[in-house]
Structures are given as structure tokens and as C-alpha cells.
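Colleague: Residues per chain are reported as follows:
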Amino acid sequence: MEWETVIGLEVHAQLATKSKIFSGSSTAFGSEPNTQASALDLAMPGTLPVPNEQAYRYAIMFGLAIDADIAKTSVFERKNYFYPDLPKAYQTTQLEKPIVGAGHVEIELADGTKKSIRIHHAHLEEDAGKSLHEDFHGMSGIDLNRAGTPLVEIVSEPDIRNAEEAVAFAKKLHSIVTSLGICDGEMSQGSMRFDVNISVRRPGEEFGTRTETKNLNSFRFMEDCIALEVERQIDLIEDGGKVIQETRLYNGDTKQARSMRSKEEANDYRYFPCPDLLPVVLDDDYIENIRKELPELPDARHDRFMEQHGLSSYDANILSGDANMALFFETAAKTSGDTKLTANWIMGELSARLNAEELSIKHSPVSAEQLAGMIIRLVDGTISSKMAKQVFEAMWNGDGDADDIIEAKGLKQVSDSGAIETLVDEVIANSDKQVDNYRNADESKRPKMLGYFVGQIMKASKGQANPQQVNEILLKKLNDLI
Amino acid sequence: MTDSITNKKAMHDNTIAEIIAGLNAGEFSSVEITQHFLDRIKQLDSTYNSYITVNEASALAQAEAADKRRAEGNAPMFCGVPIAHKDIFCTNGIRTSCGSKMLDNFVPPYDATVVENFANAGAVVLGKTNMDEFAMGSSNETSFYGPVKNPWDTNTVPGGSSGGSAAAVAAHLTPGATATDTGGSIRQPAALCGITGLKPTYGRVSRWGMIAFASSLDQGGPMARTAEDCALMLNVMASFDPKDSTSIDREAPDYTANLDQPLEGLKVGIPKEYFEEGLNPGTEQAVRDALAELEKQGATLVSISLPHTKLAVPAYYVIAPAEASANLSRFDGVRYGHRCEDPKDLRDMYMRTRAEGFGDEVKRRILVGAYCLSAGYYDAYYRKAQQVRRLIKQDFVDAFEQVDVIMGPTSPSPAFEFGAKGDDPVAMYLEDIYTIATNLAGLPGMSVPCGLVDNKPVGLQIIGNYFDESRMLNVAHQFQQVTDWHQQAPANIDVAGGEK
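For the protein sequence lines, the chains are G and B, in the order given.
Going by my numbering, the residue at position 282 of the first sequence is 282; the numbering climbs one at a time, nothing skipped.
Whatever position you read off the second sequence (first residue = 1), add 1000 for my numbering.
Next comes chain B alone, as it looks inside the complex (with noise of 0.2 Å):
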């Protein structure tokens, strides 16, 4: 290609903060780059399926705005910036699927919270990323829209649910994309796919106009391919919001301010929990490899326990189902999405709105969600879960007391090939099984690409403290200055077809 030829990097390769300090220095307009990822997606994307939705008209149309706001010299940070949504943020005009034939006709008349923020900071919009239904898997395997590959091994999964977004990031089909983790799914498909993710403090972005799954659980974050490019995308997103009830006023940082501060000092926790039976040799060398680099940086590393861990994935899958299973009762073909044909009575039309609009995994967590809430099972399931998420919490709690941060492998290993878990849905559950004490806390955690394995990447996860996102981003740039896990691209992602 004549970039590579002339050494110059293509404009897809480059990182959101090359991007704006490429339009500041006029090297390239928001038209020419937007113009440039929409047709790099349009030729490539046949292979990934990361998009649902690509928004050609609008995205160029933002972007001749960006431009001339530019040119006026009132630009906003994300002036310009192509970016890509995940498919469960609604956008005012634009079909919001979330994955599920349910939504294939659904065009919100309102944007999200995160959708106006990134519209407020000048970014454009290249489209909305697939993903699975409803936000429920870790292998992008249950959208309506079909699955996601991997740009590393197009026969494997990208992680899910924010697949899409994850490979989008991965293939270079757009510089950054914002996600959702109920149970890890930023940090998984984020390690899978090889690039940085991050999800915020529950409470530090706003829900309002973001598709719930598990409301007490879900929270939306930035993926990039660096944890800078993470920093400046939570600085657009974290904000308080009225219209939430469960987001905290409480100011957001700048997230970039922190980021070269030096490692000496900090206290890692290496839970022992975390790399016990099931964790993969190469991933946990890869992790170990890490914690050595940070330690060389300055850090200490700490062992600590977080006892209940092994809690994590049973009460999890009782809450978040429980929560699914309510928050998904109102797709009932009553006033949007889809309804059955013909209805012969309301029952027939709940009942076949409902069997025709859901996939397979929605479907068992909504009843497993209804099952755990029933009367007579209220208390064994929901409320013990509960009582597990405290014990769980204070783990955390106590260990904070003594780190600063937590750190350990994001997921038990690399990207597993497509199907490989389908008929095992609790194998596809401890895919999480590292991720999804963190939602059940309401801490942030992230994860950042620190090694492959069979030419596979490998996720390191970062947890912090309540509201520490700038201490978590401040530690994954240091690492990410002194290795290059993160600069590293799948070897086919400018070719069509993907394959070797």
C-alpha cells in the first residue's frame, strides 16, 4: 500500500490521539478520514461483521460540520473524530437493534446520554457496532445479525457482548467505539480482540438511552487501541446525569491528566483466586510476564485473596437474568419492534412476539430470571444472591485497603473457536468468571493487551477503586509505554477476506 511504502501511517492506524492531532495540524479533514474508515468498512467489513448499522449520509454529514467548525476555531475535543456506538446505545433516528430481531425495526426519536455526549464533543458517527442479543453472551455468537469474527483468527470468536465494537477497534475499522460490561463484556472482548477497554465506575456513565440488560449491573465504557485513546473517550462519556437515577454526581476528572505519572510505589494485588484451575498456561505466563514489567516500573506486587470469587458467577447469573427477565418484559409487540403476524387473541401475540422476537440465550435468561424470582424460590436464588453480592463487595472493600490497584488475567483464555462452546452455556458463563465480580462490586476494571498466546492476544485486567479510572488509566499507560501488546494488528485486517 502507498502509505506503507512511503512509511507513513495509513489513517485508519492511527489512534484517537493521532487522529485529533492530525486534524488540528490540517494533515487530514474530518471528511477525508471519515470518508477513508467508510470505505474500509465497506470493503472489509463483509469479513468481521462488526457493523449492523453504518451511517454513511449522516457520518459524512457530521463530518463536513466537524470541519467547519474547525475551520471557524471553535473545535471541541472529539471535533471531527470517527467513532462507532455499540448497537445498544439508541440514536435518535437511527435503528437501534440491539442485536435482536426484536429491535430490527426500531428507530428511537431519542439518543442516549453517551450519544450526546460524543455529538456535543464534535465526534461522527460511523455506524452502530453488532453485538450479542441484548448484550447477553461472550462470544458475539447470539446476534440476530450473525456472529463476529475475530480479525486475529477469523474462526474464532471476538468475546462478547461488545464484539463488534471489540473487532471494529481491532481490524482498524473505526479508532474507537463505546461498549457495555454487565459481566465483563468490554474487558473480554477487549482481551480477545487485542485492544484496551475499559469499564467505568457503576454510576460514572450515564444508563439514560443505553438498553438494559441487568440495570443494577450494566455500565457503559470506551474500547480503543490504547489507554490513552481510552481516557479521552471517558472524558466525553463519564458525566452525571439527572435523567439517571443511579448515576452519581460527583465531578469527572480529566481522565488524560494522570497519565504519565510514574508507577513507583503502587501496590498491585495479585488475587490468589485468580489464577487457579482453568486458567491457561500461556495466558497466565503472558499476565505474569506483565505484573514482572510492572514491578520493574516500580511497583509492588501484593497477594491477596478475594475469597469469594468462586461465588461470583453463580450470583451473577441469578441477578442479572432476574433483572433481564423485567427489564425485557416490555418488548411485548404492544407499541414498538416487532409483533407477530395475524395475532388471534393478546395471549397469542405476547406469546408469538415474544417466541419469534428473542434468540435462544435471551429466552433462558429471561426464564431463568422469571425462575429465580418466583414465589417460593425468591429467597433461595435472588435474595441469597444478594446477600453473596455484599460478601463479594466487601472482598473488594478490604482488599482495597491494603493495594491500589487489582490485577490478574481478564479472561481464562484466548479466543475459543466459533461454536466451540454452544451447547455448554455455563462453559460460555466462566468465560466471566474473572470479570464479573467487578459489576457485582460496581468497580471499574479494564483490561489491556499484554501478550499473545499462538498468535492470540492476551488481557491483563486492571481493577481499581471506586472512581480510580484515572489511577487504572495512569498504570495501563505506563505498561503500554514500555511494551507494545497494544501496537500490534492482526496481519490480514487491510486485505479482504481476512485470510492468510
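With the rest of the complex left out, here is chain G (with noise of 0.2 Å):
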């Protein structure tokens, strides 16, 4: 029998703030355990909490990017719970009135199919500290560094009906945050994770019991995670059981998941607004002024990069979806002079090359300057493409810029038009046979043909001469014969 899944995702984006929501701190990671943790980090009796605007401005931002409505006056609340790492034992967060109301995403499939995401609100809230469990004698370690750091929690309507559009949705968020340069991004840190609410259902009946997998901090973990769970929850009913409403933990190196805590469990928060933090109330220029200031978004990036740089709807939605993509590539592209070349090296080489090493185009080995100087070369004729492909590997493993590599590997091609004339006349000269039935082909064949001499051509200069020079005289010289 046909199930259906159903999917509803919570996003966490740390937003790129200098410094902490309600404190002075630095929210720069990888500082030393504490070391970035006020008085007011470590919720130190009297201490008080002033937020910080630039969080604000940030999730309007948000908002606006995807066409939410910005909510006039929002409340932050007090969301109470114990634990070691949240100092307070109450997050400050948004509940009754989040600051970005409903709104929606547009997605894209592989097979070219749109679908919209609605976005049920998105509320700014203040991140956790961590807990540290190695290395304390059976004690655990408190780092109080990241707490406060400000976060935009966007929170999906159940519109998602696969680990595709799940991942697909989760990319566009990526894409807008990273866009907008609230959100850096780096998934491996922390900035940005995910909670999958799934469940599963027959086509037309209610929505099943659902899961939450909290703190997924990759696409393919995600993915991998939906598969899994689902499978599980139709196992589970198929057998006659039930699934029930619990949270769980995601293990992406293991690939298994198991159960965190189950509804009963569940904390009772007893949210109430924060009395220490009066409600914002923005008024409609505030709120139009950042609208004015807002970068391009992916959706205008995409359709922009078909017109103005003759890309498919696909290598488009590649290049543009990704901010730091869409740099890299308009850098690269606009230094080269050569948009298509560049668009193919970047979607070919350069991205498998950061897939098997799980790199994002920011941290490439690569930089978008030094590809240019490559293709540079490639389309002056320096190098040819396979040589291409030799300095590359040679700028990835750091050898330096495209110039230097060929210069001290002698990668030069040969594109003197005398020496390639003698190699095409010896060419000719040895192959009588082929050059005879050049002679007798039906015109239209003939092109298919000039593969064979070029590749002796080739293999004579040792794969130094100039492909497109010596496309030209042998084509000269053949004709010529005829």
C-alpha cells in the first residue's frame, strides 16, 4: 500500500552579529571554553539583558526575503527549563508574538518541478551554551562561549512530502540566509541545523503521529535521516504498531537514530513574556528601510544569471543558489572574460573536487581569481584542456597560480603555426591510406574523419600543440588535397 510522507522542518541560522543578542560579548567561534561569557552570559544575579538591533535587523531581513509580513510589535518570552548549559534555566525567545509572521519559499527539483513552502513565522531567540562530557572525571564541562549568540528560528508549515524537497527547502534557506549575510553559514560549526518533524500517513487521511530529529547540521545527514526515519514509522505501522509523538537523535556517522525523550517527558516551559525586555514596536519606515538595503536575493540571482550570462534554468539555479557560489563564480567569470567556460569548470571540476572533500566553495582550495587565470590561459591558447586539467590539481594541492604552474612545468603548447605545419605535413605524409579515403568521403563525413589526424598530430607534438591551430592547418591542408 502507497504511504505518504509528511515533513515539516525548524530551522536554527545563527545570525552573523559581532556580538551576542543581549550582551557585549563576541559570538566568534572557537575561543577558548568561556572565554567570551559575561556576567550576563553566566546569568549573574542583577544582571540585565539589552538587545542587541542588529539581530533585529537581521531577522526582518529574513522576513522580507520571503515575503512575510514583519510583525509591528514583537514579544520576546521566557521559555523555562533546567539544564547546565542555559545559565538562566530560561531561553529568551519569541512565542505568541515572533518578530516574522507567515511567509514562503520556492523550491526548485532536480526534474524542474516548482513547489512553494509556507513558512509559518520565524522568531528570534538566544542559542544555548554546550555541554562538554570527555575529559572531566565523570563531570561534565560547561562552555558558556556560545550562549546568547543570537538565532533566527524559522519554522516550516508540514508542506514537505519528501527527503528531496526536504533538502531542496533546507538549500534555499541556506541560500537566502547566506545571501542576505545574516547567516555564515557554515553548517560544520553549528551555524545553521535542522529539526525534521516527520511523520507518515495514507494519501487523503489525517497527518500521522509525528518525530522530531533535533540538531541535523548537514544536507546529507538530513537526508539520509528522513529515509530512515520514515522507513521506520511505516515498519512500525505496517507491523501494527504506532508511532509515538517523541523527539530523536540523529547519529550521521553511525546512520542511526534513537529516541531522546518521549511526549511525557516532554518539559512543561511555562512561557510567559520576558518582563526585563519591553516589546519592540517598529514602525513602517524602519521597517522599509531595510527593505531598500536588502542584496539580491537567489530567486532575482537565478534569473539574472540566465539573462545576463546565457545560463540554463539548472547551471543557474547551481551557480546562484549558494552565495558564496554565485561570488565565486561572477568573480571568476568576470576576471576570465569567458562566463560558459568558467560556469563549466566551476559545476565540473571544481565541484567534484569539493564534493570528495567535502569542502564548501568558500574554503576551495581554489580561489576564483586563480581559476580565472586559468582559463585565461586555456582561451589564449597557452594551455590546452588537458594541460588545463594538469594545472589545476597543481592549484589545488597549492602550487600556486595558473602562470607559475605552467612556467615550471614547461606546459606551454606549442602555437607556432610553423612548427604545427610540419607535424600536420608529416602526419599527412605517413597516412596515405586515411588520407585517400578523406579524399573519396562524402563531404558531410569528413569532419568525423579529422579525428584520427589530430590525434596523431597530438601525440607527435606530445600534446603540446595548440588543439584549435592544429584543427585549422590540418583542415587547410586536407582541403588543400582535395
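Simulated from the structure, these hints should not be mistaken for lab results.
Wrong hints could be hidden among the right ones.
[Said to hold, decoys possible] Listed next, the in silico DSSO-like pairs over lysine-lysine satisfying Cα-Cα at most 27 Å (straight line):
#, chain 1, residue 1, chain 2, residue 2
1, B, 1384, G, 79
2, B, 1009, G, 97
3, G, 255, G, 171
4, B, 1042, G, 72
Grab the two chains, each in its own frame, and use the hints to assemble them into the complex.
Modeller: See below:
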């Protein structure tokens, strides 16, 4: 029997503010534990929160980007629960009056289908610290550097129907927040984390009982986790069991999931408006000024890439989706002067290598300028495509810029027409049979027969002859023989 | 005593205004008067228990520095004037306990803004005064450091939660003290100890560094013997503080500027709800006599109604505990403060730390607050209480369209004996029946001594409109020009043991 999967996502994106949402402490990642925790971050008595306006601006930017209503009045609430890395024992968050209301995000699937995913709301909140369970002789260490880092939590409607849509949606959100510059998008550092609500049902029936898998920090983990959980739920129901509402944890390395707590064990969070923070009231001008300053959004950039760079929708999607990717592409294309070749190299060789080593474009060992430098030499005929692969490999390994590598490796192709003519003449002289065949062949079949001659010439030149020149000279000489 | 024989005031009998004048005139140095108060505290406070911590060394160092500044000719207003801080205000490097075992070992690495303001004004801090645990109480019986005794009768309570500050001022163990008021914690102890206390408009005095009980109600203010002294202290305390998001960005006036204005034409609202059942007849008489005195000064009494008065106590005892239940959750034994011995696991640490660190009244309010906020009860309690709060505020807004100030009793009766209300929290909560509404509305309120019943002080409450502290102080000061209740001191405050 057929099953339908129903998925809703809750996405936490760390906002790229310099200081925390309610204190002046730095939000920089990777510092020594507790070096970025002030008296307020430690929840010392008497300390009071002061909201960071930049966090509001970022949240509003996100809201405008997803065509959402921006709340004129938003209210912070306290979500109460005890945990050692939550110093106040409540999280300051928004519930009844979040800053961003309902909106929507458009996704495009591999087969070109488009779908709109509704956003229920997005709210501002503070991140917790981290509990460290190793190296403390049976105790836990607490690092409060992250405590108070601003987050925007984006809550979707249950509009997602499979893992592919979920990943497309997650990638689109990643694209939006990085394009806006409000989140660095570094998933491995926890800058974006996904909670996935999953249920299954027979098509047309009511929603089934859902489970929530928390804190996924890679698209691939999300895909794997959804597949695993959907299978688990279907097996459970088909075996006569029932899905219970629970929170689950997924381990991407072992590809296993386990229950963290059931609904019965869930906290009563006793939300109420935070009396230390007044409601934030915004006027239209404030919002409109932010709207005016919005950078280019992924959808607009996609269309511009198609129009301006002559890219297909598919290529434009790949190159415009990630803000860093788009920046890389546009920098490289502008420097190299050859958009098509640049696009091909980024989507081909570069992406393949990045994927293989699980690197984001931001951390590409080959910079946009370096790639462009190589493409310039490809276009001006200094190197062949085959040589370019060698140059790319060397750049990837940190051997320097294309010109240095070409020089060092002696990769210059022969573009001296006299030298090439000699080679062509030699090959023609040694290929009587093939020349006869060419001469007698129908004109339409001749271009295909050139491959043999080109191959021989390139071989004779040890791969260094300029293929374009080889083609030109060869064609001229063969035609002279007809 | 030598001083009384020469008919010259003892140093400790001076008001703040008189101390400032004395320091300016070179009658005594800051070191002299500071040492005098420190000696007096050492000698007498075992009777009253009004201080939790006395800062002898740092007080003398501050006094020396003040004398030096004065000699250099750049003495700020409070230069060298000794004061005390309620132990709810964080003091950098000095233990700040909030009257609780939970913070018995807590030494803040920062000053509250109020403390900083006094330091900038040159004040000398004698010590930290006793208080109900986390400011939860109306009798000072909930302090981990033991109850404070009322200097007028050491068998009776000083009121609370700022009972230590009130008793210290009443016993002349400091000329003035800071205090806080969440539901009456400045005004009720001021009334019971026969001193003058002012709770400013919510947002007027920074809450930064003031340990939170109920954040939307807490407000710091001065306690002293006269309205003039309160005005001088409020000049130091009132400031806009960017570190407190609920602080109001509005310039503070000079609160002493209007003290001498005549009361001619003043319209005084008398809410009928403040003179109904439950009011001690002696207290009522003292208040009515005070009102008659003000009429003589040219004020007009206008009968008004604050129809939702009866709902104030129930609404308060939902909102304040609800906020407290969250505010006090940070005391979990993880980062500072009390932690139980040898916890088995996290849960054990939380449970025993909090069971050991908090007293009964604090636990009661945390439980009530958590209950009011819990799923299924929020609408019936918390949301309803907030609606009531808006109605109460509207009562006052309407009233202030007709009158300039509102007056009535501060508390329903004079000081009661220890343990008298110990078994009945609701009876204790009704102590604040006349003071709580102003906190819910965010309005300023004041208590001024206006009589004695069985030699126990009675307080006249003056409620002002938002940011109208100047007018309240003016009214109180004018009242104190024609009465001497504020000048009366308990009989035996110069005798160790305090008893007759």
C-alpha cells in the first residue's frame, strides 16, 4: 500500500552579529571555553539583557526575503527549563508575537518542478551554551561562549513530502540567509541546524503522529535521517504498532537514530513574556528602509544569471543557489572573461573536487582569481584543456597560480604555426590510406574523420600542440589535397 | 551622653542634609562620622540585626578618600556621607546575599548602577542591610540572617522586605539607606519604623545589579528620616541606564528644587477603598489627622474611588511569583552560590541545592509562580492577572485626571509581633494591601511618618502620578515642616540591648 511522508522543518540559523543578542560578548567561533561569557552570559544575579538591534535587523531582512509580514510589535518570552548549559534556566525566545509572520519559500527540484513551502513564522531567540562530556572525570564541563548567540528559528508548515524536497528547502534557506549576509552558513560549526518533524499517512488521511529529530547539521544527514525515520515509521505501522510522539537524535556517522524523550517526558516550558525586555515596536519606515537595503536574493540572481550570462535554468540554479558560489562564479567569470567556460569548470572539476573532500566553496583551495587565471590561459591558447586539468590539480595542491605552474611544468602548448605545419605535413605524409579515405568520403562525413589526424598530430607533439591551430592547419592542408 | 548635655546633636542624629552641611562647614570629617556610625553599629546592631555585612575597612578608606577630595575642593554632593545599601544591590567585591543562604558566599564582580551612582557621588558605604530572603516578605522574618527587630519595639517586626534598611535608619545606624519595593517593601517598613521612604516610578531607578524578585514590579528607592533626605538620595539614584532595557530615557529633575512650594490648591484624592474593613482605627485616625493638617496647608481633599483595589493583592500574588519562579531558576548550583555536598547526579544537585539554599517563603512563591504559568493554568491565572493589572492601572489614570496626589494609609496597622502572621501567608500578604496597586500600575509611592499608635509609628502614603516624585516630595516636605513625627526617634536606640 502507498504511504505519504509529511515533513516540517524547524531551522536554527545563527545570526552573524558581532556581539551576542543581549550582551556585548563576542560571538566568534572557536575561542577557549568561557572566554566569551560576561556576567550576563553567566546569568549572574542582577544582570539584565539589552537587545542587539542588529539581530532584529537581520531577522527582519529574512522576513522580507520570504515575503512575510513583519510584526510591528514583537515580544520576547521566557521558555523555562533547567539545563546546565542554559545559565538562566530559561531561554529568551519569542512565542505569541514573533518578529516574522507567515511567508513562503520557493524550491525547484531536479526534474524542474517548482513548489512553494509555507513558512509558519520565524522568531528571534538566544542560543544555549555547550555541555562537554569528555575529559572531566565523570563530570560535565560547561562552555558558555555560545550562550546568547542570536538565532533566528524558521518554522515551516508541514508542506514537505519527501527527503528531496526537504533538502531543496533547506538548501534554499541556506541560500537565502547567506545571500542576505545574516548567517555565515557554516554547517559544520553549527551555524545552521535543522530539526525535522516527520510523520507518515495514507494519502488523503489526517496527519499521522510525528517525531522530531533534532540538530541535524548537514544536508546529507538530513536526507539519510529522513529515509531512515520514514522506513522506521512505516515498518512500525505495518507491523501493527503505533508511532509515538517523541524527540529523536540522529548520528550521521553511524547512520543510527535513537529516542531522546517522549512527549510525556517533555517539559512544560511555562512560557511568559520576559519582563526585563519591553515589546519592540517598529514603524513602517524602519522596515521599508531595511527593505531598500536588501541585497540581491537567490531567485532574482537565478534569473539574472540566465539572462546576463546565458546560463540554463539548471546551471543558473547551481551557480546562484549559494551566495558564496555565486560570488565565486561572478568573480571568476569577470576576471576570465569567459562565462561559459568558467561555469563549466566550476560545475565540473571544481565541484567534483569540493564534494569529494566535503568542502564548501568558501573553503575552496583554488580561489576564483586562480581559476580565472587558468581559464585565461586556456582561452588564449597557452594551454590545452588537458593541460588545464594538470594546472588545476597543481593549484588545488597549493602550487601557486596558473602562470607559475605553466612555467614550472613547461606546459606551454606549441602555437608556433610553422612547427605545427611541419607536424601536420609529417602525419599527412605517413597516412596515405586515411588521406585517400578522406578525399573519397562524402563531405558530410569528413569532419568525423579528422579525429584520427588530430590524434596523431597531438601525439607527435607530446600533447603540446595548440589543438585549435592543429585543426585549422590540418583542415586547410587536407582540403588542399582534394 | 556628652552630646545631649551640651545640647548639641549627636552625629548620628543628623539628617543627610545636616551631615552634608556639617561636612561642608568642617564640623566633622567623613572619617569621624563614618567611624562614629561604625562604632555605633558595632555597639548596638546586635539588638536590631539590621546589617548583614558591615564594611569597616572599605568604609573608612572611602571616607578618607572623601575627606581628601573635599580638601582638594572638588567634593560631589554626597562626598563623605555614610549610607547603607540593601543587600539586594550588587557590590563589587563585597558579598551580596539577598538575605538568602543561596547567595551566602556570593561576591559579585560588579556594582549595581545604584551603587555606582552613590560611589560617583562620593558616598561612603557602611554596609549591606538585612532583608527578607530575595525580598519576599513583609516582616523581615524570612531572612537567612535572622529577623530584624523594630527599634520602636524589639518584640515587633520592622516590616519588609527592606526591614534592615528601615530599622538601620530608625535606629540612627545610618542616615539613609537604599531599598527596593516590589509590592510595598520600601513603604511598609518605612511606615512601621517611623521613617520616610519613596518608591519611584517604575523605570526611574536602574535595576541593573539589583537582584530581581519580580522584574516588572521591582524598583529601587531611598529610605531616610526626612523627605528632603529622600530627595537628596533620589537625585543620586535616578538615572537613565542603557544597561536596563526597562529604564526610562528621561532626564531626572533636581528633586530638591520644589520642596518649598506651598500646598495651596493641591488636590488630594482620598480613595474610599483605602479606609474600609481591616484598617486599624488608630492608624485611620492618624492618617485622617494628617489629611486635616494638609487641608490646613491649603490642600483640597477629594473623595475618589479605585474600584479594582480588592483585586490588587490576588493579581500581585500571581504576577510576582510567576516572574520570581523564572528569576530564581538561575540559582541552580552550577556557576555560583550554594551547591549541595557530593551531588549524585545533575538532578540530585538541582534538587538538593535548591531545597537547601532557599527558605520556605521563597519556595512557596516559586511553587505558586510555576503553577500559575503551567500548561492549562496560564490563561486562568497569569493572563487574567495581567488583565486585572491593566484595570488597576486604569483606575489610577482616571483618578489622576481629577487629583494631583492620592493619599491613604501605608499599611493597615502598626508593627505586629514576631510570629503573629507566621502561619498565615495570606494575612501577611494583606500587609501590602494599600501598597501593591501602585507597583502593579508602575506609579511612585511614598510613606511619611504621621503618628503613633501605642508608641508604634503610622505611615501616611502619598501616591503620585508617573514621574511626579518632585510633587510627592514637596507635599511630604511641607507636611514635615508643620509636623514632627519624622523627628521622633525610638526611645532606647542609644542603649545596648534596646529594651526599657
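Colleague: Would you check the hint for residue 1042/B and residue 72/G, treating anything up to 27 Å between C-alpha atoms as holding?
Modeller: 58 Å, violated
Colleague: Are the Cα atoms of residue 255/G and residue 171/G separated by 27 Å or less?
Modeller: Measuring from Cα to Cα gives roughly 21 Å; hence the hint holds.
Colleague: Please verify whether residue 1009/B and residue 97/G have alpha carbons no more than 27 Å apart.
Modeller: 60 Å, violated
Colleague: Quickly compare the C-alpha distance for residue 1384/B and residue 79/G to 27 Å and report which way the hint goes.
Modeller: Status holds; Cα separation ~20 Å.
Figure legend: structure checked against the earlier numbered hints; hints not met, in rising order: 2 and 4.
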